[in-house]
Amino acid sequence: MVSSIRVINLDSTPERFEQITAWNPGFPFERFSAVVGKDLDRDQCIHDGLITEDNTYTMGTVGCALSHITLWRQCAAGSQPFHIAEDDLILRADFQSMAQAKLNRLQDWDLVLWMHNFDWPLKVEPAVGLGPAIMQYDHATAVSRPDVFRQETTEPMLMRLLSAAAMGCYSISPKGAARMLADCLPVANQSADYVTQPGVTWFNTALDVEMNRHYHKWQAYVSVPPLAISPNDQSTSTIRGHMARMHNTATANRAVMPILSIAD
1 MVSSIRVINL DSTPERFEQI TAWNPGFPFE RFSAVVGKDL DRDQCIHDGL ITEDNTYTMG
61 TVGCALSHIT LWRQCAAGSQ PFHIAEDDLI LRADFQSMAQ AKLNRLQDWD LVLWMHNFDW
121 PLKVEPAVGL GPAIMQYDHA TAVSRPDVFR QETTEPMLMR LLSAAAMGCY SISPKGAARM
181 LADCLPVANQ SADYVTQPGV TWFNTALDVE MNRHYHKWQA YVSVPPLAIS PNDQSTSTIR
241 GHMARMHNTA TANRAVMPIL SIAD
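If you read the sequence shown in UniProt numbering, its first letter stands for residue 1, the second for the next number, and so on.
Possibly wrong hints are sitting among the right ones.
Claimed, not checked - With a cut-off of at most 27 Å between alpha-carbon atoms, the simulated DSS-like pairs for lysine-lysine come out as follows: (1) Lys175 / Lys102; (2) Lys175 / Lys217; (3) Lys217 / Lys102.
Unchecked claim - Taking CB as the label site, the calculated pair distances span: (4) Ala188 / Ala142: 29 to 35 Å; (5) Asp108 / Gly199: 33 to 39 Å; (6) Glu18 / Gln151: 18 to 24 Å; (7) Ser33 / Gly129: 43 to 49 Å; (8) Thr154 / Lys175: 28 to 34 Å; (9) Asp108 / Gln136: 26 to 32 Å; (10) Ser97 / Gln197: 38 to 44 Å; (11) Thr154 / Pro231: 16 to 22 Å; (12) Asp39 / Pro231: 23 to 29 Å.
Keep in mind the hints are simulated off the structure, nothing from the lab. Positions of the beta carbon are idealized from the N, C-alpha and C atoms, including for glycine.
Construct the entire structure; sequences and hints are all you get.
Spelled out as structure tokens, the structure:
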């Protein structure tokens, strides 16, 4: 049974922690005070090895990244997995038992995403030898019936993760946390691949983009179907839709898609 879920929440928005508790009664949430990006010094972040000089994150996005990275460091220093969530989640009623059962069956793992953004393609390897598969959801439909989702009992599969957006709910092992820190830091300005369009790159505007650069070499998995969903309401959330640009190297055409980051 998952014993504790660390919820990243700004001190300035305690109502959001109250909201996730009300949405998910009975869950063992442990509040983690989110880093406020505007209080950070960019030069100090560079000196500390968090980002490089060419990193283009806003300070709000740096704060979001450091919130997650601080928890990674705590996990890497210990012996138990961490279960991490942002503060706008709806969990399945059986999340604790189902997530623990799935983790128990994995012989070796670094990271498991229990959700992903439905407005961004998901790339997985369903089974060894089949090669990659790309899934796309109708976001509006997927998040439209939270009460139905809470009572869902379909047993999910954990598929090897190759690409996904969002860090709303995930588990990391101490080994995985150490590996993620080693591979991601300092976060530079290197893009990831956009999975559905060859020749299009995904600009590195948030930590989940950086993680996409490394999923293929980690023991990373994603739950299909998810055990958590997020309304991803950019109009009311302290976690805003930071617009990640995709640049086509041949035509210089640009498109935009939403990526999560904590606002300045």
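Outcome of the hint check:
1. Simply put, Lys175 and Lys102 have alpha-carbon atoms about 18 Å apart, close enough for the 27 Å limit, and the pair holds.
2. For a cut-off of 27 Å, the pair hint linking Lys175 to Lys217 stands: about 13 Å separates their Cα positions.
3. With a C-alpha separation of about 21 Å, the suggested pairing of Lys217 with Lys102 holds against the 27 Å cut-off.
4. Our hint of 29 to 35 Å for Ala188 and Ala142 holds, since their Cβ atoms are close to 33 Å apart.
5. In this structure, Asp108 and Gly199 meet the distance hint of 33 to 39 Å, their C-beta atoms being roughly 34 Å apart.
6. Between Glu18 and Gln151 the beta carbons are some 23 Å apart, a value that agrees with the proposed interval 18 to 24 Å.
7. Checked against the hint of 43 to 49 Å, the C-beta distance between Ser33 and Gly129 comes to roughly 45 Å, which is consistent with it.
8. Checked against the given bound of 28 to 34 Å, the beta carbons of Thr154 and Lys175, roughly 30 Å apart, stay inside it.
9. Range check, Asp108 to Gln136: about 29 Å between beta-carbon atoms, so the 26 to 32 Å window is met.
10. The beta-carbon spacing between Ser97 and Gln197, approximately 39 Å, falls within the hinted interval of 38 to 44 Å.
11. Under the hint 16 to 22 Å, the C-beta atoms of Thr154 and Pro231, about 21 Å apart, fit the expected range.
12. At roughly 27 Å, the beta-carbon separation of Asp39 and Pro231 lies within the given 23 to 29 Å, and the hint holds.
Every hint, counting from the list given before, is met by this structure.
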